[in-house]
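A.B. asks: Line order of the protein sequences matches chains C, L, W and G.
The first sequence begins at 1 in this note's numbering and counts up one residue at a time.
The second sequence begins at 1001 in this note's numbering and counts up one residue at a time.
The third sequence begins at 2001 in this note's numbering and counts up one residue at a time.
The fourth sequence begins at 3001 in this note's numbering and counts up one residue at a time.
Heads up, none of these hints are tricks.
Label-pair ranges, simulated between beta-carbon atoms: (1) G/Asp-3063 <-> L/Asp-1132: 49 to 57 Å; (2) L/Asp-1058 <-> W/Met-2001: 20 to 28 Å; (3) W/Asp-2049 <-> L/Pro-1009: 33 to 41 Å; (4) C/His-98 <-> W/Glu-2035: 39 to 47 Å; (5) W/Thr-2002 <-> L/Pro-1009: 38 to 46 Å.
Covered by chain C, per the in silico footprint, the following chain L stretches (three or more residues, Cβ under 8 Å): (6) 1015-1027; (7) 1098-1110.
Honestly, the hints are just simulated from the structure, not real lab data.
A virtual CB, placed ideally from N, CA and C, is assigned to each residue, including glycine.
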Amino acid sequence: MTARVQTAPFDLAAEIDGFGAGAGAIVTFTGVVRDDTGLMAALDIEHYPGMTERALQDYCRQAADRFGLTDWRIVHRHGRIPVGDTIMMVATAARHRHAAFQGADYLMDWLKSRAPFWKREIAQDGTATWVDAKSTDEDALNRW
Amino acid sequence: MTARVQTAPFDLAAEIDGFGAGAGAIVTFTGVVRDDTGLMAALDIEHYPGMTERALQDYCRQAADRFGLTDWRIVHRHGRIPVGDTIMMVATAARHRHAAFQGADYLMDWLKSRAPFWKREIAQDGTATWVDAKSTDEDALNRW
Amino acid sequence: MTLDILYFAWLRERVGQPRETVTTDAATVRDLIAELTAASEGHAAAFSDMASLRCAVDQQLADLDSPITDAREVAFFPPMTGG
Amino acid sequence: MTLDILYFAWLRERVGQPRETVTTDAATVRDLIAELTAASEGHAAAFSDMASLRCAVDQQLADLDSPITDAREVAFFPPMTGG
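Please put together the full structure from these sequences, using the hints given.
C.D. replies: What follows is the structure, given as structure tokens:
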């Protein structure tokens, strides 16, 4: 049961080694920097030190209560993250698969719209553009 | 895009190394042998050689079409699998998170009720009991 | 017509063998089951609970009314429990 | 009352600094914004789009009517884009 914010890359294999012992179902989500235009170099992610880890822990505890998760983990990077690199991961463990799936899906929706991170796209020519929040992300939260 | 059936353990880290290159979202599901009673030693899983891998591939292709998955992988073990060991894994990759989540969730529902595997619980005293199919698994399929 | 018949899980245990080859003129899975049921007490036991019976014709999931006229392999088994 | 004010993302860029300390008697976030808006053109630009404004009081998400009477830290930022 860990929520971590860091600049360094993480290793999914190491993160889930020993994760969720005793559970029947483990779900992981990994977000990767995508380049849809062929012009992007990296994301630059800003966050709110002090608030971020506590907010992530709050969302995870809510998800654990609601879905009966037996273990959870969030790792979210900040700073400059090149195209193709992993941005963040969520892992959930539960007795049964639907709880693990729903817990991870729910956490991702919270994290997208309620965790204090802000993304800027850095183009290959150095131009930096703040990423707009998507109304679909806000809609996704309202499913729960 | 791989569907594999094997007796040997698999290494999730190795399975997802290079998986889903170019995707923005990767979801994995791992099923683990659970011991709810404290009396279980292992699962023994029988399958239908010849049919199994092709059925898994069919379900994966359907899921890929339906949810726009850019990559998928299923590894399912058979034979004797001790408590705490991983039974199977599904990985899905897509541009966006909801497609990856839904693809993996859908595949698990198909796999539970339509892939030719049969589980037997082996107790510590050697007693073997076939696992009954759950009506909830059949219900889960009807969601889609 | 010669057909390979396969049995899995507790159907295999009840029949007492994992496979057999039969000669039959059965047109559908249902007709074939009627013939097989008469073959032995084990077969009768295997097919006694039709609600728990699943089948595949040439390795594709099928139902009782599926034709088997051109089939080479028919498999019988209980509801699947993968994952 | 002395308050630490934090700005993130493009609000930080518009204000031109990541944090400042202010002395205020504002009772709510809304009152505080009215005071800050008058401080400079950058502040006015930062607070010009209230629909895109989010805030936290003492590191908890808050809204415009949240009281800040006992607060030590108020943060302003655009809608979050994590994950």
